[in-house]
Amino acid sequence: MVDFIDQNIIDIREKIRSAAKRSGLDPAEIKLMGVSKTQPIEYMLSAAAKLDMLGENRVQEAADKRLKWPSEDKTPWHLIGHLQRNKARKALEVFDLIETVDSLDLARMLDRILAETDDHGFPIYIEINMSGELTKSGAVPQEAASLLERVMRYCPRLSVEGLMTIGPNTDDSGEIRKAFEGLRLLRDNLRSFSGLPLRDLSMGMSSDYEIAIEEGSTIVRIGTGIFGSRPKIQS
310 MVDFIDQNII
320 DIREKIRSAA
330 KRSGLDPAEI
340 KLMGVSKTQP
350 IEYMLSAAAK
360 LDMLGENRVQ
370 EAADKRLKWP
380 SEDKTPWHLI
390 GHLQRNKARK
400 ALEVFDLIET
410 VDSLDLARML
420 DRILAETDDH
430 GFPIYIEINM
440 SGELTKSGAV
450 PQEAASLLER
460 VMRYCPRLSV
470 EGLMTIGPNT
480 DDSGEIRKAF
490 EGLRLLRDNL
500 RSFSGLPLRD
510 LSMGMSSDYE
520 IAIEEGSTIV
530 RIGTGIFGSR
540 PKIQS
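Take the sequence shown: its position 24, counted from the start at 1, is 333 in this note's numbering, and no numbers get skipped.
Honestly, the hints are just simulated from the structure, not real lab data. Just so you know, these numbers come straight off a predicted model, no measurement behind them. Note that the Cβ used here is the ideal one computed from N, Cα and C, for glycine as well. If a hint is listed, it holds; no wrong ones were tucked in.
SDA-like, lysine to any residue: derived pairs with alpha carbons at most 25 Å apart: (1) LYS330 x GLU523; (2) LYS396 x PRO379; (3) LYS396 x ASN366; (4) LYS340 x ASP361; (5) LYS399 x TYR463; (6) LYS340 x PHE313; (7) LYS383 x LEU341; (8) LYS445 x GLU484; (9) LYS374 x ASP315; (10) LYS324 x LYS340; (11) LYS396 x LEU457; (12) LYS359 x ASP335; (13) LYS359 x THR533; (14) LYS396 x GLU425; (15) LYS346 x GLN316; (16) LYS383 x GLU370; (17) LYS383 x ILE350; (18) LYS330 x GLU490; (19) LYS383 x ASP373; (20) LYS359 x PHE313; (21) LYS359 x PRO385; (22) LYS445 x GLY491; (23) LYS374 x PHE431; (24) LYS359 x ASP320; (25) LYS324 x GLU519; (26) LYS340 x SER440; (27) LYS340 x ARG493; (28) LYS396 x ARG539; (29) LYS359 x PRO379; (30) LYS399 x GLY430; (31) LYS359 x ARG539; (32) LYS399 x ALA424; (33) LYS487 x GLN451; (34) LYS340 x SER538; (35) LYS359 x MET514; (36) LYS487 x MET514.
Label-pair distances were calculated between CB atoms; the ranges are: (37) ARG508 x ASP312: 29 to 39 Å; (38) LYS324 x GLN451: 25 to 35 Å; (39) SER516 x HIS429: 31 to 41 Å; (40) THR444 x LYS487: 17 to 27 Å.
Produce the complete structure using the sequences and hints provided.
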């Protein structure tokens, strides 16, 4: 029933290898995330062993799925959707990494919750809005250095491990490439000033991940390319 998922992953892995080689990158350094928003848990279980991580957009949906998830499976779960502050506590319980921290207020709330159990080193990415589109979340690039500096100063229980962005909503490959290149250059600048490795660049989805890899992505987030069309949510 889910053989198509296996084949899709094989095909995507091959495209990842080709895109990496075009840019002189090591394909082994590029991780494949399966974006499983609204997908049935059977599909997720079929794919998990062949993926590097799973990505979910909604905290409550992910929490419900994790209740049914086998404890022996250690596939990391990333939050890739906008995080409302009233869901921060649940997000820390459900996810292994939060990719969408885009404000000091959110970072400080996460840090305060972690302080209750004296947890340290919870991994996050800072989300940057490289497209300038008002419909997208993320800090503006001009404020990234200030945000990173303040997170490092005021949020000792968070570990900033990379940056995340969503490509622009356009068919113009030049504009898409410009956004991804911009995030890579921004990451390089932030590395220099902060001293942090900032190893990960989470950028590229089903329609643009090959361009993202050519511009230095280390994590591509693929949903429909792996699982097919998303099932409609019943109201």
